[in-house]
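Generate the whole structure from the sequences, applying the supplied hints.
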Amino acid sequence: MPTELEELVGFIAHPNPQIRQVAIENLVPYSATQPAIFKTDELLPIKHLKFLIRDQPKIAEQAATILVNLTADQAVLSNVATDEKFLGILLSQLMDPAEPNANVLSMLLANLSKFDGLESLNVAFDVKAHKAYLTEDEINIMPYILLPMMGSEQYELEESMAMLPDLQLLPPDKKRDRDSKIIQTHVETLTLLATTKEGRDLMREIRVYPIIRENHLRVDDDGVREACERLVQLLMRDEEEAGAPTECKSSRHGQYETREREYLLTPT
3 MPTELEELVG
13 FIAHPNPQIR
23 QVAIENLVPY
33 SATQPAIFKT
43 DELLPIKHLK
53 FLIRDQPKIA
63 EQAATILVNL
73 TADQAVLSNV
83 ATDEKFLGIL
93 LSQLMDPAEP
103 NANVLSMLLA
113 NLSKFDGLES
123 LNVAFDVKAH
133 KAYLTEDEIN
143 IMPYILLPMM
153 GSEQYELEES
163 MAMLPDLQLL
173 PPDKKRDRDS
183 KIIQTHVETL
193 TLLATTKEGR
203 DLMREIRVYP
213 IIRENHLRVD
223 DDGVREACER
233 LVQLLMRDEE
243 EAGAPTECKS
253 SRHGQYETRE
263 REYLLTPT
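Just so we're aligned, residue 3 is where the sequence shown starts under our numbering, counting upward by one.
Certain hints may be false.
[Claimed, not checked] Result set (EDC-like, lysine to aspartate or glutamate): computed pairs, CA atoms no more than 16 Å apart in a straight line:
id: 1; residue 1: Lys41; residue 2: Asp75
id: 2; residue 1: Lys49; residue 2: Asp85
id: 3; residue 1: Lys176; residue 2: Glu216
id: 4; residue 1: Lys41; residue 2: Glu9
id: 5; residue 1: Lys116; residue 2: Glu155
id: 6; residue 1: Lys183; residue 2: Asp223
id: 7; residue 1: Lys133; residue 2: Asp203
id: 8; residue 1: Lys177; residue 2: Glu216
id: 9; residue 1: Lys177; residue 2: Glu155
id: 10; residue 1: Lys60; residue 2: Glu101
id: 11; residue 1: Lys133; residue 2: Glu200
id: 12; residue 1: Lys183; residue 2: Glu228
id: 13; residue 1: Lys177; residue 2: Asp222
id: 14; residue 1: Lys49; residue 2: Glu86
Because the hints were derived from the structure by calculation, they are not lab data.
Following this line, the structure appears as structure tokens:
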């Protein structure tokens with residue numbers, strides 16, 4: 003017999019949006035303390051939550067928050083991270099500049115990126131999708147990824163002038179996103195996009211490396227630093243294969259040490 007909380011979970015699929023909102027609002031705390039109530043009926047509540055990220059903004063925010071908490075569970079993580087249709091919807095919403103819940107959706111994507119079967123995410127970021135994401139006259143995702151990672155730091159003129167127009171001449175009070183999980187998600191998204199040579203070439207051309215360097219130096223979070231280092235290693239791939247004498251490592255104080263500071267982002 004279902005418990006009262008399990009019955010409440012059933013109301014998140016109610017056709018009345020007011021009832022859905024009341025139910026999901028009251029369930030958010032339990033997603034962290036009693037995740038089992040969402041794992042009944044072969045994870046049917048998870049299916050409902052995935053559908054609700056397209057609901058009214060407040061309901062969608064709470065559904066995404068619950069999924070962020072629940073994806074700490076491996077069974078739920080596997081269910082969500084292998085749902086290619088859901089991943090496509092999630093990425094589509096994140097690409098929308100007007101998306102009101104971009105922060106919590108980015109947190110969810112960060113959790114999904116930890117799934118061992120990451121190839122499911124690579125399906126969403128296949129070669130054809132890369133072109134659409136990176137091309138200026140299509141989705142053009144790069145400004146939306148990089149702008150939240152920018153702070154008030156000053157770059158060398160040559161670096162700055164080669165960056166995307168949206169990243170140039172930022173106000174002196176520009177603040178980097180305070181949520182380190184969001185920064186980590188953006189770096190991990192860049193890493194996915196850098197799995198193709200075309201993506202890596204573009205990142206060198208628009209000087210992504212100096213931005214990653216500053217985030218590595220200034221964001222006090224191990225997850226961010228590790229993500230930055232993984233991305234840099236990926237950006238080094240072509241140079242190392244060509245035998246280029248480049249060295250880049252992290253010091254004990256979290257600073258990049260490199261013999262050629264700008265090498266990775268210098269167009270060939």
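Taking the hints in turn, this is what the structure says about them:
| no. | hint | in the structure |
| --- | --- | --- |
| 1 | Lys41 to Asp75 | holds, 10 Å |
| 2 | Lys49 to Asp85 | holds, 10 Å |
| 3 | Lys176 to Glu216 | holds, 14 Å |
| 4 | Lys41 to Glu9 | holds, 13 Å |
| 5 | Lys116 to Glu155 | violated, 30 Å |
| 6 | Lys183 to Asp223 | holds, 9 Å |
| 7 | Lys133 to Asp203 | holds, 13 Å |
| 8 | Lys177 to Glu216 | holds, 13 Å |
| 9 | Lys177 to Glu155 | holds, 9 Å |
| 10 | Lys60 to Glu101 | holds, 12 Å |
| 11 | Lys133 to Glu200 | holds, 9 Å |
| 12 | Lys183 to Glu228 | holds, 12 Å |
| 13 | Lys177 to Asp222 | holds, 15 Å |
| 14 | Lys49 to Glu86 | holds, 13 Å |
The earlier numbered hint that this structure contradicts is number 5, and it is the only one.
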